[in-house]
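A.B. asks: Given chain U, work out where chain F should sit, using these hints.
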Amino acid sequence: MWKNLFSDKVNFLISQYFRENEVCEIRLRRDKPLMVKSFGNFCEIIDVERRFPYICTSQDIERVIITASKNSVYAVSEQISKGFICFDGGIRIGICGEGVVNNKEITAIKNISSLTIRVPHQIFGLTERLGTEWLNFENTLIISPPAAGKTTLLREMCRVLSNCSYNIALIDERGEISGSSNGQTYLDVGKCTDVICYTEKNAVYENIIRSMSPDIIVTDEIYGEREMDNLYEANRCGIKICATIHAGGMEDLERKTYYSKIINCFKKFIVLSKVPCVGTISKIFKCEGVC
Amino acid sequence: MLTLIIGSVIFLSALYMGFKIKNFYLERKKYYLDLNDFIVYYENEIKSYKLRLFDIIEGFTTFRKGIFSSDLKSFIENTKSGNGANFCFSKKLLCVSDKETVSNFFRNIGKCDLEGELNNIRNFRNRFSERTVAVQNKSEKEAALYMKLSVLTGLAVMIIVL
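Which chain is which? The protein sequence lines are U and F, in order.
Residue numbering for the first sequence follows my numbering, starting at 7 and increasing by one per position.
Residue numbering for the second sequence follows my numbering, starting at 693 and increasing by one per position.
If we strip away everything but chain U, and leave its shape as in the complex, we get:
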């Protein structure tokens, strides 16, 4: 699906290095070489005819934006103001450029200079490393630095829990976990999962508890004390939580201002690392907090 974003020439150049399903991340920076990552490091794409790196142009960037928005930039302007666009199949396109500020809020991004296209990959069987006792589910937090595989693991945990007949409410703010587009999910998140996507998370928690009666809420990238409060309240309603958070490890987590709320809410912690490879579970531990 990511191939639809690019011209035939760029697709041809990338195909000289990787197959379509091997690509994990593509970075376009205006007037800089095109960089593509598979399951390892980034690789500079060389234009074979000219024997020089392929240099991204503003037309390449514009084409990606227009295609990702399906010729409807106005329909994704809110996403753009938050720095991303979602595309089919759960592809997330991060955007950098000049911010347009109105009343201290970013209302738009103009003169887009770089894009980061992240292609999700569904990997089945990741939860085998967790054993079987985790299926007696307790509030679980996945701690991970960026691009270490937390969303992939979260997706798999969601799928397995859902197929064990837990009713899951998946709050998928950017459509990355479920790969949702036009009401259809491109990635398997389980048979008992209700997906709410492309909505600001904090606006959804209360409604979802009342309307969907979930057993477990699954959400990605907890950010901020307000969201932590919402999750804590949900837990006090008897709903379990499975979430991820950006942090290098427990030491980074302890520095967060709402660390005590995290410890009080979550019982189980899974720490991911990129060493020796993406998705490495470096630590699993329990914490008997107070709920």
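These aren't lab readings, by the way, just hints derived from the structure by calculation.
It is possible that some hints are incorrect.
Below, a list of computed lysine to any residue pairs in the SDA-like style, where the Cα atoms sit at most 25 Å apart [unchecked claim]:
| no. | chain 1 | residue 1 | chain 2 | residue 2 |
| --- | --- | --- | --- | --- |
| 1 | U | Lys76 | F | Asn728 |
| 2 | U | Lys76 | F | Lys833 |
| 3 | U | Lys9 | F | Lys772 |
| 4 | F | Lys742 | U | Thr113 |
| 5 | F | Lys765 | U | Ser13 |
| 6 | F | Lys765 | U | Asn10 |
| 7 | U | Lys76 | F | Arg756 |
| 8 | F | Lys772 | U | Gln65 |
| 9 | F | Lys757 | F | Arg817 |
| 10 | F | Lys742 | U | Gly189 |
| 11 | F | Lys722 | F | Phe755 |
| 12 | U | Lys9 | F | Leu743 |
| 13 | F | Lys772 | U | Gly95 |
| 14 | U | Lys116 | F | Phe755 |
| 15 | F | Lys757 | F | Ser821 |
| 16 | F | Lys833 | F | Asn815 |
| 17 | F | Lys742 | U | Tyr204 |
| 18 | U | Lys262 | U | Phe291 |
| 19 | F | Lys803 | U | Asn10 |
| 20 | F | Lys742 | U | Asn109 |
| 21 | U | Lys9 | F | Lys765 |
| 22 | U | Lys15 | F | Gly776 |
C.D. replies: This is chain F only, laid out in the frame that chain U set:
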């Protein structure tokens, strides 16, 4: 007898040409009206629901027939296939300057944020609404005129032949 047949054929030919010319002007009027209806529909849909362009066009063309609807469908196909957002006119119903205005509008459609998009729509409507009314009046008059002219011409030639 032969002259009667020839005269009838000439009359019927003139009548047929009259119908064709009348049809042309009516198609032209319908094209302009459909175009204006689409712009209004498009503005409402993006203001209210921020629907995507392709969905709006599909919604508009589902129950509408006509040359403008089929041109819109071709526009979607061209855009989806990566041939660029070029609006192609299947029939020569618009004058050159109107064609350019419409082509420019569709070339830039969907490329701005909501405010920019609504501004583009307003500018287009301001330029095009008077033109549409003028074309509408002219088309009705000319359709009727050419129909009458063809009938009279046909009759006149038939009488002369007879």
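A.B. asks: Which of the numbered hints are not met once you compare them with the structure shown?
C.D. replies: 2, 14, 16
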